[in-house]
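**Student:** With the hints as constraints, model all of the structure from the sequences given.
Take the sequence shown: its position 10, counted from the start at 1, is 10 in this note's numbering, and no numbers get skipped.
Please keep in mind that the hints were generated in silico from the structure rather than gathered at the bench. Keep in mind that a hint or two might mislead.
Result set (EDC-like, lysine to aspartate or glutamate): computed pairs, CA atoms no more than 16 Å apart in a straight line [said to hold, decoys possible]: (1) K126 x D3; (2) K46 x D66; (3) K91 x E78; (4) K119 x E40; (5) K119 x D3; (6) K119 x D95; (7) K134 x E81; (8) K119 x D101; (9) K91 x D66; (10) K37 x D66; (11) K134 x E78.
Computed Cβ-Cβ distance ranges for the label pairs, DEER-style [what the hints assert, rightly or not]: (12) N53 x L130: 34 to 44 Å; (13) S6 x L135: 18 to 28 Å; (14) T85 x K21: 17 to 27 Å; (15) L11 x N53: 35 to 45 Å.
All values derive from a computational prediction rather than experimental measurement. For glycine and all other residues, C-beta sits at the position ideal for the given N, C-alpha and C.
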Amino acid sequence: MEDQVSCMNILKSNPKFMHAKNIRQLTAAFLEMAINKGIEGQNFLKGLAQTTNSPAITQCANFDYDGVVGSFRSALGELKEDPLTASYDAKVAGDGPETCDRGLASEHIVNPQIIALNKQILLLSKIAFLLTDKL
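**Tutor:** Set out below in structure tokens:
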């Protein structure tokens, strides 16, 4: 239920979503937003990594979120030519936050901002997968 409410809030937050003429346009607009959220998240993590000496946060910023952004970009690039690959890429974008969470847990780091970021990116990955899977 929480994911449904969050999903609706995300979809209402961007006028591009409401003006999409078809599922492909909606999916492209959603992936563009997901890329931007991934970049914002990565920038936040990079800033945090500079102020801490945490290998886990550095890994999240420089490796895990590279994968997030790269996977969302790849999904967007494959929309027209290869929807199956786009769907796969959208799904694996969620691997970054999961790996980041495991790294933080191994260092016993509990940071509510990172937890919220990872949760948000995981939800974006789920929604992107569901959208691309409909193409």
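**Student:** Taking the hints in turn, state whether each one holds.
**Tutor:** Taking the hints in turn, this is what the structure says about them:
no. : hint                   : verdict
1   : K126 x D3              : holds, 10 Å
2   : K46 x D66              : holds, 11 Å
3   : K91 x E78              : holds, 13 Å
4   : K119 x E40             : holds, 14 Å
5   : K119 x D3              : holds, 10 Å
6   : K119 x D95             : holds, 12 Å
7   : K134 x E81             : holds, 14 Å
8   : K119 x D101            : holds, 10 Å
9   : K91 x D66              : holds, 15 Å
10  : K37 x D66              : holds, 12 Å
11  : K134 x E78             : holds, 14 Å
12  : N53 x L130: 34 to 44 Å : holds, 39 Å
13  : S6 x L135: 18 to 28 Å  : holds, 23 Å
14  : T85 x K21: 17 to 27 Å  : holds, 24 Å
15  : L11 x N53: 35 to 45 Å  : holds, 39 Å
This entry satisfies every hint, going by the numbered hints stated previously.
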